[in-house]
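*Asks:* So you can see what is in the structure, the chains are spelled out below.
2 protein chains.
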Amino acid sequence: MLPGPTRGTLIPIGGKLSDDHILERFIALAGGRSARIAIIPTASSEPDLGTWYERALTRLGIERAKAIPLDERCDCDDADWLSELEQATGIFITGGDQLRLTSVVGGTPAHAMIRRRFAEGVTVAGTSAGAAVMSRFMIARGDEGSSPRAGMVTMAAGFGLAEGIIIDQHFRERDRLGRLLTAIAYAPENLGLGIDENTAAVISPDGVIEVMGAGAVTVVDASELGLNTVADALPSAPITMTGVKISLLGPGSTYDITTRVAHPAAAVYSDE
Amino acid sequence: MLPGPTRGTLIPIGGKLSDDHILERFIALAGGRSARIAIIPTASSEPDLGTWYERALTRLGIERAKAIPLDERCDCDDADWLSELEQATGIFITGGDQLRLTSVVGGTPAHAMIRRRFAEGVTVAGTSAGAAVMSRFMIARGDEGSSPRAGMVTMAAGFGLAEGIIIDQHFRERDRLGRLLTAIAYAPENLGLGIDENTAAVISPDGVIEVMGAGAVTVVDASELGLNTVADALPSAPITMTGVKISLLGPGSTYDITTRVAHPAAAVYSDE
Chain S
1 MLPGPTRGTL IPIGGKLSDD HILERFIALA GGRSARIAII PTASSEPDLG
51 TWYERALTRL GIERAKAIPL DERCDCDDAD WLSELEQATG IFITGGDQLR
101 LTSVVGGTPA HAMIRRRFAE GVTVAGTSAG AAVMSRFMIA RGDEGSSPRA
151 GMVTMAAGFG LAEGIIIDQH FRERDRLGRL LTAIAYAPEN LGLGIDENTA
201 AVISPDGVIE VMGAGAVTVV DASELGLNTV ADALPSAPIT MTGVKISLLG
251 PGSTYDITTR VAHPAAAVYS DE
Chain D
273 MLPGPTRGTL IPIGGKLSDD HILERFIALA GGRSARIAII PTASSEPDLG
323 TWYERALTRL GIERAKAIPL DERCDCDDAD WLSELEQATG IFITGGDQLR
373 LTSVVGGTPA HAMIRRRFAE GVTVAGTSAG AAVMSRFMIA RGDEGSSPRA
423 GMVTMAAGFG LAEGIIIDQH FRERDRLGRL LTAIAYAPEN LGLGIDENTA
473 AVISPDGVIE VMGAGAVTVV DASELGLNTV ADALPSAPIT MTGVKISLLG
523 PGSTYDITTR VAHPAAAVYS DE
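Taken in sequence, the protein lines are chains S and D.
For the first sequence, position 199 matches number 199 in the numbering used here, and the numbering has no gaps at all.
Position in the second sequence counted from 1, then plus 272, gives you the numbering used here.
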């Protein structure tokens, strides 16, 4: 029931990315100077966002960064764009609206290619909507607040790269614990990851999460969930949930998805 | 992206089951006279439903039919119930509320056991909520009507037996085309199956659906989906979707999920 090892490294980022170390880590995992990054700007309605990321990534000294304008479903079987994805050593998914991303790309040849390249070892990073979409079971919409309520979240199918994980973003800044808990109530076999802004959860192929950046990652583990009243709760009423384990992970700390064991940052050890 | 072959046969039934041929087919696939059926009545709030199905199945001449009262999450790692599931040659999931089923059983050892037994070849049948729950991406709640609207459906994680298929039930009787289309808009890599009452879609391990019973099965194929405006639509506004292919399959007809080719009932051929 738990997520198995994925082939590439997955780097969901919580939005408002400004820490260059996160992009540098992405590039290092995608091949360093010889990296070829395909950028997917579909989530955004800003027409220049793809070009902006091309520049931001090229500036860091890589071979190629190319935005792939998958604007409509009919773009998603374009041979040039599929070839670009096939040759990419890294894929970057921008922010915007994750439901736009999946309603345009979901189920198309481009979606299949992204999944195939990831399975073949390609590193995939994404920020905000680009992080949420990595989930199999994705939060499409939701309300703010820390208490789960049955009507506070709209679920959709994500790209399915982070099997068994529901990723939320802008987490602490937009007070999203309630909606992540609600998503887990609707899909209790999933682990929840709430990622703060300018923060990344680097998920290795063997399922170890490392936190980077300015904020924290909140892990919601429902493996010992006791009560879950989502089926009986009115949309606006709080859901009763018991036995949910929450871990708050600061930068440098790690969390093993298989064993559910966390370790603090190495620097903390050396200060003891 | 399409569902791969599953190991057991899956028999979603559209509710209001009265055609004994459907249960007889289930029993034949589950081992005939030596069948051992585990009944999961969790979806229902009627305390006697499990016993009712024990009698209904035993009456058809099988070795054992045993209801497993998974009422709360803490029941779902009970050694006796897990052993009953492990020895079952068939699993039957009753009607009721599919969200109750997943909020209680989802992510527990009983859920893992159901998936494992199905992967090992055990036949799984379910009616109404018990059919909906077979989906990976499940319709938990929804409104009536034939036009898709962004706010008309609530999605949750199902048991994940019918990979890549969203199953809806009481289909024509409760006017559910709109909610199935909406679910597909939210998860376009899925095939939709709308099953009428007292009707079954017998899905073989190699992905061929055969229709049995009084009504029809509606197949919604979004593999050539063009426009999908769910991301931009207000909750109460209709979603624009183009290129959705719908097939209406009467009793005796078949549909190959891999090739997307349908054949009418054999009897029609012999009448030509």
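The set of hints was computed from the structure by calculation and includes no laboratory data.
Predicted, not measured: the structure shown is a model, and the values here were computed from it.
Every residue, glycine too, gets a C-beta built ideally from N, C-alpha and C.
Treat the hints with care, as some may be off.
Residues on chain S that point at chain D, a partial pick, calculated with CB under 10 Å [claimed, not checked]: (1) Glu24; (2) Ala28; (3) Leu99; (4) Ser103; (5) Thr108; (6) His111; (7) Met155; (8) Thr229.
For each label pair, taking beta carbons as the anchor points, the in silico distance ranges come out as [to be verified]: (9) S:Thr240 to D:Pro477: 35 to 41 Å; (10) D:Ala534 to S:Gly61: 42 to 48 Å; (11) D:Leu520 to S:Arg64: 45 to 51 Å; (12) S:Val261 to D:Arg331: 47 to 53 Å; (13) S:Gly61 to D:Ser508: 45 to 51 Å; (14) D:His293 to S:Asp232: 47 to 53 Å; (15) S:Pro235 to D:Leu520: 46 to 52 Å; (16) S:Gly121 to D:Asp352: 42 to 48 Å; (17) S:Pro235 to D:Ala534: 35 to 41 Å.
*Asks:* Any CB of chain D closer than 10 Å to the CB of Glu24 of chain S?
*Replies:* violated, 32 Å
*Asks:* Could you check the hint for me, namely that Ala534 of chain D and Gly61 of chain S are 42 to 48 Å apart, CB to CB?
*Replies:* violated, 55 Å
*Asks:* Holds or violated: 35 to 41 Å for the Cβ distance of Thr240 of chain S and Pro477 of chain D?
*Replies:* holds, 40 Å
*Asks:* Against the range 47 to 53 Å, how does the distance between the Cβ atoms of His293 of chain D and Asp232 of chain S compare: consistent or not?
*Replies:* Given a distance of about 35 Å, which is not inside 47 to 53 Å, the answer is violated.
*Asks:* Is the interface hint for Thr229 of chain S satisfied, with its Cβ closer than 10 Å to some Cβ of chain D?
*Replies:* holds, 8 Å
*Asks:* In this structure, is the beta-carbon distance linking Pro235 of chain S and Leu520 of chain D contained in 46 to 52 Å?
*Replies:* violated, 33 Å
*Asks:* Taking the beta carbons of Val261 of chain S and Arg331 of chain D, is their distance inside 47 to 53 Å?
*Replies:* For Arg331 of chain D against Val261 of chain S, whose Cβ atoms are near 51 Å apart, the range 47 to 53 Å holds.
*Asks:* Close enough to count: is the Cβ of Leu99 of chain S nearer than 10 Å to one in chain D?
*Replies:* holds, 4 Å
*Asks:* Is the distance from the Cβ of Pro235 of chain S to the Cβ of Ala534 of chain D consistent with 35 to 41 Å?
*Replies:* holds, 38 Å
*Asks:* Is the hinted range of 42 to 48 Å satisfied by the C-beta distance from Gly121 of chain S to Asp352 of chain D?
*Replies:* holds, 44 Å
*Asks:* Does His111 of chain S meet its interface restraint, that is, does its C-beta lie within less than 10 Å of any C-beta in chain D?
*Replies:* holds, 7 Å
*Asks:* Minimum Cβ distance from Ser103 of chain S to chain D below 10 Å?
*Replies:* This interface hint holds because 4 Å falls under the 10 Å limit.
In this structure, the hints that do not hold are numbers 1, 2, 10, 14 and 15, in rising order.
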